Amino acid sequence: WPRTGGVSGPADAMTVLRRPVPPLRHISSEALPPSIAALRRSSRSKLRPRDAASLSALSGMPPLWPQVVDTVCSASVLPRKELFEAWEVAVCVDAAFPAIPLVADLAAGHGLLAWLLLLLGARRGVRRRAVCVDTRLPDAALSLSDAFGERWPELRGQHQYVEGTLDAVSAAPGEALFTSVHACGPLSDRVIERAVASACPVALVPCCHSLRKQPPPPPFTRSALEAAAAVLGQPAAIDGFRIASLRGRGYSIDLRHIPADISPYNSL
Numbered sequence: 001w002p003r004t005g006g007v008s009g010p011a012d013a014m015t016v017l018r019r020p021v022p023p024l025r026h027i028s029s030e031a032l033p034p035s036i037a038a039l040r041r042s043s044r045s046k047l048r049p050r051d052a053a054s055l056s057a058l059s060g061m062p063p064l065w066p067q068v069v070d071t072v073c074s075a076s077v078l079p080r081k082e083l084f085e086a087w088e089v090a091v092c093v094d095a096a097f098p099a100i101p102l103v104a105d106l107a108a109g110h111g112l113l114a115w116l117l118l119l120l121g122a123r124r125g126v127r128r129r130a131v132c133v134d135t136r137l138p139d140a141a142l143s144l145s146d147a148f149g150e151r152w153p154e155l156r157g158q159h160q161y162v163e164g165t166l167d168a169v170s171a172a173p174g175e176a177l178f179t180s181v182h183a184c185g186p187l188s189d190r191v192i193e194r195a196v197a198s199a200c201p202v203a204l205v206p207c208c209h210s211l212r213k214q215p216p217p218p219p220f221t222r223s224a225l226e227a228a229a230a231v232l233g234q235p236a237a238i239d240g241f242r243i244a245s246l247r248g249r250g251y252s253i254d255l256r257h258i259p260a261d262i263s264p265y266n267s268l
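Each residue of the sequence shown is one higher than the one before, starting from 1 at the first, in the working numbering.
No wet-lab data here; the hints were simulated from the structure.
All of these numbers come straight from a predicted model, not from anything done at the bench.
The beta-carbon is built from N, C-alpha and C at its ideal position, and this holds for glycine as well.
Please note that the accuracy of each hint is not assured.
[As the list claims (entries may be wrong)] With a cut-off of at most 16 Å between alpha-carbon atoms, the simulated EDC-like pairs for lysine to aspartate or glutamate come out as follows:
(1) Lys-46 / Asp-70
(2) Lys-81 / Asp-51
(3) Lys-213 / Asp-239
(4) Lys-46 / Asp-139
(5) Lys-81 / Asp-239
[Stated by the list, open to error] Restraint ranges, calculated between C-beta atoms of paired labels, are given here:
(6) Pro-49 / Ser-210: 14 to 24 Å
(7) Ala-99 / Thr-165: 39 to 49 Å
(8) Phe-220 / Leu-58: 36 to 46 Å
(9) Leu-58 / Glu-163: 26 to 36 Å
(10) Glu-150 / Ala-244: 40 to 50 Å
(11) Pro-215 / Pro-264: 16 to 26 Å
(12) Ala-99 / Gly-60: 39 to 49 Å
(13) Ala-99 / Glu-163: 25 to 35 Å
(14) Pro-186 / Glu-154: 31 to 41 Å
(15) Leu-255 / Ala-99: 19 to 29 Å
Go ahead and model the full structure; you've got the sequences and the hints to work with.
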């Protein structure tokens with residue numbers, strides 16, 4: 001996995017969330033504890049070993065957090081924003097899909113989301129496999145894989161990175177959770193289509209909305225999408241049509257937001 005060949009059509013009813021989960025709050029930097037607000041979680045500066053102590057000491061974080069921070073900082077390849085963003089998404093997705101055995105992280109980039117979902121499952125005794133797929137394996141992904149594999153050697157065999165196109169990805173119905181963070185523009189729609197084609201749930205953080213590049217989600221027309229964008233703005237119209245399209249194909253939707261001080265593209 002991933003594999004090529006035929007894929008199953010969507011099931012009659014598929015759910016994005018298996019059970020209700022309290023919605024994430026919109027959190028402004030003013031509402032955060034001073035220790036967190038002062039960190040500028042949106043910073044693109046790469047984390048270094050010297051940053052581990054201050055990040056590990058943040059109040060209100062679970063016991064796993066300092067271990068993750070120490071591991072990420074030791075690799076010296078990840079921007080601060082990417083750590084906080086992947087953590088917030090992983091915590092939310094893990095709570096929504098506590099028993100999911102297989103995660104397909106598409107357009108995976110550095111692959112941190114997959115590692116975090118493995119760790120969050122393992123702390124509850126849930127054994128998961130994670131497959132990251134992207135057209136190119138970044139050096140940062142290799143460095144993070146080495147760091148996480150050294151810290152948690154028991155998880156090495158559960159994390160896989162595959163270079164390839166999303167069109168080659170498929171899964172048995174309900175077998176996997178498809179995820180992607182900041183799948184740019186129409187790439188978000190390709191992630192959705194792979195999930196629908198495999199009759200699997202999907203958790204997605206879209207970004208870079210542009211009508212110029214955006215195909216209208218089925219069954220809608222471009223004129224309808226453009227008319228909605230003129231009233232609502234491009235991001236709201238595009239995501240709204242994506243949601244309506246998924247509902248029409250049997251999905252239930254739970255819209256959440258990670259804290260906006262991490263990224264303005266914060267809808268999950």
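Hint check for Glu-154 and Pro-186 - Cβ pair distance inside 31 to 41 Å: 38 Å, holds
Range agreement (Cβ of Ser-210 with Cβ of Pro-49, hint 14 to 24 Å): 39 Å, violated
Whether the CB-CB distance between Ala-99 and Glu-163 falls inside 25 to 35 Å: Given range 25 to 35 Å: holds, Cβ gap about 29 Å.
39 to 49 Å as the expected CB spacing between Gly-60 and Ala-99, which holds or is violated: Given about 26 Å between the Cβ atoms, the range is violated.
Range hint compliance [Cβ, Ala-99 to Thr-165, 39 to 49 Å]: Given range 39 to 49 Å: violated, Cβ gap about 29 Å.
Range hint 16 to 26 Å (beta carbons of Pro-215 and Pro-264) holds or violated: The hinted range 16 to 26 Å holds for Pro-215 and Pro-264, with Cβ atoms some 23 Å apart.
Proposed proximity, Asp-70 with Lys-46 (alpha carbon, max 16 Å): Judged against 16 Å, a Cα distance of about 13 Å means the pair holds.
Cβ separation of Leu-58 and Glu-163, checked against the hinted range 26 to 36 Å: 35 Å, holds
Distance restraint evaluation - Glu-150, Ala-244, Cβ atoms, bounds 40 to 50 Å: Check passed, 45 Å falls within 40 to 50 Å.
Pair hint outcome, Lys-213 versus Asp-239 [Cα-Cα no greater than 16 Å]: Judged against 16 Å, a Cα distance of about 14 Å means the pair holds.
Pair hint Lys-46 and Asp-139, alpha-carbon separation not exceeding 16 Å: 14 Å, holds
Range hint 19 to 29 Å (beta carbons of Leu-255 and Ala-99) holds or violated: For Leu-255 and Ala-99 the Cβ distance comes to about 22 Å; the hint holds.
Of the numbered hints stated above, those contradicted by the structure are hints 5, 6, 7, 12, listed in ascending order.
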